[in-house]
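**Q** So the chains spell out like this:
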Amino acid sequence: MKKSVLDYALKVRLPLTLFVTIMAFVLTFYVSRTERDGIGYAPDQPIAFSHKLHAGDMEIDCQYCHVGVEKGRHALVPSVNTCMNCHTVARKDKPEIIKLTKYYEEGQPVPWKRIHRVPEYAYFNHSVHVNKGIECESCHGDIAKMEKVEQVKGWTMTACLDCHRDPHAEMPDLVEVNNGPENCFACHR
Amino acid sequence: MADSKNKSGIWKSLKEYYQDPVVLKNKTNEFMDGVTDDFDPDELSKVSRRKFLALMTASAAFTATACTDYHDKGEVIAYNDRPEGVIPGKPNYYASTCDGCAVGCGVLVKTREGRPIKLDGNPDHPVNKGKLCTKGQAGILELYDPDRLTDPLRDRRKVSWNDVDAYMVEAFAKYASEGKEIAFVTGENNSPAFGDVIAEFAKKYPTVKVYNHAAFSEKNRRSAWKKVYGSGKYPAIKWADADVIVSLDADLLGNEGDMLEFTREFAKRRDAVNGADFNRFYVVEGGMTLTGANADYRIRVNPQYHFELALLVLNQVAMNLGVTLPSNLAYRKSVTDFELAHNIKSDKVARLITDLLKNRGKSIFYVGRDKSEDLHMVANYLNEILGNSALYNFKCAHTDYSTEDISVLVSNINRGAVGAVLHVDVNPVYNYSGNTGYEEALAKVPTKVSFTLNRNETSEKCNFVLPVHHYLEAWGDIHSRENIYTLRQPVINPIFNTRQSEAAILQWADNSTGYNQDKFHKFLQNSFKKNVYAKAGTTLNFKKYWFNALHDGIVMLPANETVASINVEALGSVKTPKTNEGFTLQVRESYFVGDGKFANNGWLQETPHPVSKVTWDNYAAIAPATAAALGVENNDLIDVSADGNSISLPVMIQPGTAENTILTEAGYGRTIVGEVGLDVGFDVYKFGSEKLYSNVDVKKGSGTYDLVSTQEHHSLDDESVKDFHRIRGIIQDGTVEEYKKDPKFLKHHEHDIFSITDSVEYKGVKWAMAIDLNKCTSCSACVTSCNVENNIPVVGKDQVSRGREMSWMRIDRYYSGSPEEPVVSNQPMLCQHCDNAPCENVCPVNATNHSPDGLNQMAYNRCVGTRYCANNCPYKVRRFNFYNFRDHFADAYYQNDLTYLASNPEVTVRSRGVMEKCTFCIQKIMDAREVAIRENRDLKGDDVVTACQQACPSEAIVFGDSNDPESTVSKYREHDLGYHVLDLLNVRPNVTYIAKLRNTHSEDA
Chain B
1 MKKSVLDYAL KVRLPLTLFV TIMAFVLTFY VSRTERDGIG YAPDQPIAFS HKLHAGDMEI
61 DCQYCHVGVE KGRHALVPSV NTCMNCHTVA RKDKPEIIKL TKYYEEGQPV PWKRIHRVPE
121 YAYFNHSVHV NKGIECESCH GDIAKMEKVE QVKGWTMTAC LDCHRDPHAE MPDLVEVNNG
181 PENCFACHR
Chain Y
1 MADSKNKSGI WKSLKEYYQD PVVLKNKTNE FMDGVTDDFD PDELSKVSRR KFLALMTASA
61 AFTATACTDY HDKGEVIAYN DRPEGVIPGK PNYYASTCDG CAVGCGVLVK TREGRPIKLD
121 GNPDHPVNKG KLCTKGQAGI LELYDPDRLT DPLRDRRKVS WNDVDAYMVE AFAKYASEGK
181 EIAFVTGENN SPAFGDVIAE FAKKYPTVKV YNHAAFSEKN RRSAWKKVYG SGKYPAIKWA
241 DADVIVSLDA DLLGNEGDML EFTREFAKRR DAVNGADFNR FYVVEGGMTL TGANADYRIR
301 VNPQYHFELA LLVLNQVAMN LGVTLPSNLA YRKSVTDFEL AHNIKSDKVA RLITDLLKNR
361 GKSIFYVGRD KSEDLHMVAN YLNEILGNSA LYNFKCAHTD YSTEDISVLV SNINRGAVGA
421 VLHVDVNPVY NYSGNTGYEE ALAKVPTKVS FTLNRNETSE KCNFVLPVHH YLEAWGDIHS
481 RENIYTLRQP VINPIFNTRQ SEAAILQWAD NSTGYNQDKF HKFLQNSFKK NVYAKAGTTL
541 NFKKYWFNAL HDGIVMLPAN ETVASINVEA LGSVKTPKTN EGFTLQVRES YFVGDGKFAN
601 NGWLQETPHP VSKVTWDNYA AIAPATAAAL GVENNDLIDV SADGNSISLP VMIQPGTAEN
661 TILTEAGYGR TIVGEVGLDV GFDVYKFGSE KLYSNVDVKK GSGTYDLVST QEHHSLDDES
721 VKDFHRIRGI IQDGTVEEYK KDPKFLKHHE HDIFSITDSV EYKGVKWAMA IDLNKCTSCS
781 ACVTSCNVEN NIPVVGKDQV SRGREMSWMR IDRYYSGSPE EPVVSNQPML CQHCDNAPCE
841 NVCPVNATNH SPDGLNQMAY NRCVGTRYCA NNCPYKVRRF NFYNFRDHFA DAYYQNDLTY
901 LASNPEVTVR SRGVMEKCTF CIQKIMDARE VAIRENRDLK GDDVVTACQQ ACPSEAIVFG
961 DSNDPESTVS KYREHDLGYH VLDLLNVRPN VTYIAKLRNT HSEDA
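In order, the protein sequence lines correspond to chains B and Y.
Quick note, the first sequence lines up with residues 1 to 189 if you use my numbering.
Quick note, the second sequence lines up with residues 1 to 1005 if you use my numbering.
These are calculated hints, taken from the structure and not from any lab test.
As the structure is a computational prediction, the values presented were derived from the model and not from experiment.
Note that beta-carbon positions come from the ideal geometry of N, C-alpha and C, so glycine has one too.
Don't take each hint at face value.
Under 7 Å between C-beta atoms, here's a sample of chain B residues computed to sit facing chain Y [said to hold, decoys possible]:
1) R33
2) G72
3) H74
4) V128
Computed footprint of chain Y on chain B; a stretch qualifies when at least three of its residues, placed anywhere within it, have a C-beta under 8 Å from a C-beta of chain Y [said to hold, decoys possible]:
5) 19 to 27
6) 35 to 46
7) 64 to 71
8) 77 to 90
9) 103 to 113
10) 171 to 184
Produce the entire structure from the sequences given, and follow the hints as far as they go.
**A** In structure tokens, the structure reads:
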């Protein structure tokens, strides 16, 4: 049988190309998985605020600044005046605090980089979780040890549902908690 | 060959064993000879293997590097200084006062992060008690209307407010010194602070004068009261105490008077579930209105003869009670003659008279606001004879702020006595046209000013167009009833370079340098101190009292119950109007676009007319027999001439219209307005300022005009579809008599429905709704409330004609009976959240499915738009986004930075290609759940109030937990009158309807 170019293309070139493409895709998919889920995302913030110092060493309660967490959907990033409650006096000569004071005096909000983001079609509610006794760490990781905050857990629907389906596996310390709702309207409306 | 044997003793073949020289030679070669034969390397790609691999590696590395770069997730912008009480994500509510009409209902403005997103009634306001009509609800869109004027204009050029101030001060000083009038034209303005502003203005410019113009107002009722009782402060009526209500052409449930108050009080006496003693409602009218559709007895009379009917009733009543009437009120025809002459069946007029006589002191004969002063006086006298004044509530009487009528202004201008005309939120060039001569007169005035939100016909004729605040940006007050004083406060900073009219006038009055936004705020406080605080007799200091008043939005004033006594002599001036044989033309105010004020509001334009279901148009409604006589059909144009003005109008054959009568609605046909309202419908103000024309000339015109309605006009004559809604049990109804005799009269032909599958068990809360059709009047407040709450887009007339309107809630209207005297049944229809929902089975991607609390849920992100669900829905309540309607309607009119601010952030804005439908206000359910979790208790059914339920003026809608036997909704579900629409399909709907009972006499049953 006379061998043709087509023969070569089908038997050698195509499988090879497919193989390389699929391998590249699979590899990239798995290698980039964490990044795509945002895990490890730790952008530089306009002010190098340290959660380790405030929440860890000084043990300030999360809710001193994140005031909305028990009251509504958003935990709320504190407004500048909350920072100034202390920093009008404390450490006001430090460069980062000078930056902060400048924002405050100019009446400008601090453009904090968003680290944790739920897609806009999902209506996550902080208060229903926190008021059920779920710790901040369950989703946000141990913020109190982070100099610079980074995302430590996946922010996918699978991640939500894993916990909703079996909260005790995810949070062994929390005894009195029911399974979370799994229906669409629980998050999407 | 023996010696040539393989020495190694290992061989692969006999040939090798025998040491075949070819085999031996081949053994030294890697490949066989000819393996590359027939293969030309030149034909291959020039990319070498190495190069190919290098490229692949490079691209893989490139992809990998690209992936390590995280998506930027944007920024979180927190407040710099968060205002106390504002928690982002949580709504704040502020009390204010609606400015949709003269009623001045109290509103609660829901704001999110400083922007108003929803208006609801203020529960503390005694007139509207937490409810708000369609127009009031849709007002939110006016604030975010992209056509709002942004800067002051002088001769259509942008100028600064300072230039305007300088000009006005100079001009007014000149007119004042010349003794020329400075005329303000206002609507029905009952703001005490505005009065004070004018008084302040008058100190500097004494020639100021205020005129009053409203295309539709209670001025005839007021003047009739003034004549008969000596005061224009006509009382409120204790409607709930009336056993018999006769409405003479008053659209009480529609858009007349205090519609919300009447609807609530009327519905109290229609509450079958709670065992109310039904009132009886007679409606006399020519055209079919929403009120007529809800009547127990509707008496169809050409509006020309309404005066005669009132006289007939008066004479019969007076004869029975032995009262001698003034001679000018005598009427000789008998009841039978009148009934015969007007083709009134089943002796309805006689029944009306008997009922009035039987219920003396407990009935009301109420005349429509557009009727003549004389007719109002006759009605007052009739009520007085019947002792019905016992139902008057003078404590809550309407305030009388009426000033000189605009017609006086026209003659003053023509005398050359007017220097300046300032229009405050009125549009007389449009709605005071026809033969009034206003436009021509206005042209003679040197300084013409229009305070307005949007461009309009009047502002076009003015040399100064001054943009004003929307009422949600403004301060203000309203004294609508003797005992009710309400405040208005800004809930958002002014979006544009606008001023509120009061502040601008004050600025001209004190001519101070530098205007500031707080100007009228301070003035209002002083005015409040003088008008309210000083009279309140309170021990609170002013600041506290003021903030309390602002918080509540309302102050109840002390008012005395001064009962007025009638002056019968005043009736001597009453004259019976002449009647003519020809056509009668009646002009009513549009239900939703008002007198034309709301023409640029898409939500209101698209709300279907409560009776005809026509959207985006007005038309000439005529009786089927009249249409046949004229030889016209639906959509044919007819030429209507009245008072020398001729207009072409499309025909809409409306069952129930009196013969030779045309009913049309004003408020359409705007020529200078924003994109939405432009050239929508026909301008019937061109006939003139009257509301009733007799001897009208009607001819068949040429051509047709497409009217678009959301519901097919059911053919009453077609036997195959006639009364289908009754045969299929969609509408189930009866009479009060039937119900009293046998409360289970509807249940006798119920079938056992059998299912081959097990039913799902719902633990915990299971959501359900009930709608009481006895109370529902089809006012459509629920429709608009739903539109606002759930971000429902406007689609435009063209899309409505294709059946693509998006409202989740609609009100179905069915006719039965004869075309002359149809029985109208209304039914709000929304997703029934069926337990066995047929839509769910057919969804190929499981985008719609059932939640454990009984909701038929819809996941937009899953939906691929097959529309199978809509096909399979027996209630036809699913809506498909054929376009991204925000960018499709009117060149993306509503897709701009401004209008998006009106969206509810708790509800997804749906895009093209997905299906949507009523969610039972899932966002409100989730809010209630959030509160329950915070308070560590179980979620209860009564914690949730859906948007439609919140808006319903008659409280016909009940929502809650059907698993809770104590809940209101369970009571409705189990009630003898409760039924499910199309329950034979065994879809197990979760919306229960309470069958309508009509309070007719037993012999009519």
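**Q** Grab the minimum C-beta distance from R33 (chain B) to chain Y and call the hint holds if it beats 7 Å, violated otherwise.
**A** Cβ of R33 (chain B) sits 9 Å from chain Y, so the hint is violated.
**Q** Can you tell me if the region 19 to 27 of chain B counts as covered by chain Y, using C-beta to C-beta distances under 8 Å and a minimum of three residues?
**A** Contact hint for the region 19 to 27 of chain B vs chain Y: holds, 3 residues under 8 Å.
**Q** Would the hint on G72 (chain B) be counted as holding, given a Cβ-Cβ threshold of 7 Å to chain Y?
**A** G72 (chain B) check passes; min Cβ-Cβ to chain Y is 4 Å, inside 7 Å.
**Q** Taking a Cβ-Cβ distance under 8 Å as contact, does the region 171 to 184 of chain B have three or more residues in contact with chain Y?
**A** holds (count 3)
**Q** Hint H74 (chain B) vs chain Y: min CB-CB distance below 7 Å?
**A** With a closest approach of 4 Å, the H74 (chain B) hint holds.
**Q** Count the residues of the region 35 to 46 of chain B whose Cβ falls closer than 8 Å to any Cβ of chain Y, and tell me whether that reaches three.
**A** The restraint on the region 35 to 46 of chain B holds, since 6 of its residues have a Cβ under 8 Å from chain Y and three suffice.
**Q** Given V128 (chain B) as an interface hint, is the shortest Cβ-Cβ distance to chain Y below 7 Å?
**A** Since the shortest Cβ distance to chain Y is 5 Å, the answer is holds.
**Q** If you count the residues of the region 77 to 90 of chain B with a beta-carbon closer than 8 Å to a beta-carbon of chain Y, do you get 3 or more?
**A** With 6 residues in contact (Cβ-Cβ under 8 Å with chain Y), the coverage given for the region 77 to 90 of chain B holds.
**Q** Counting residues of the region 64 to 71 of chain B with a beta carbon closer than 8 Å to any beta carbon of chain Y, are there 3 or more?
**A** holds (count 4)
**Q** Count the residues of the region 103 to 113 of chain B with a beta-carbon closer than 8 Å to any beta-carbon of chain Y: does the count reach three?
**A** holds (count 9)
Violated hints amount to a single one, hint 1; each of the other numbered hints is respected by the structure.
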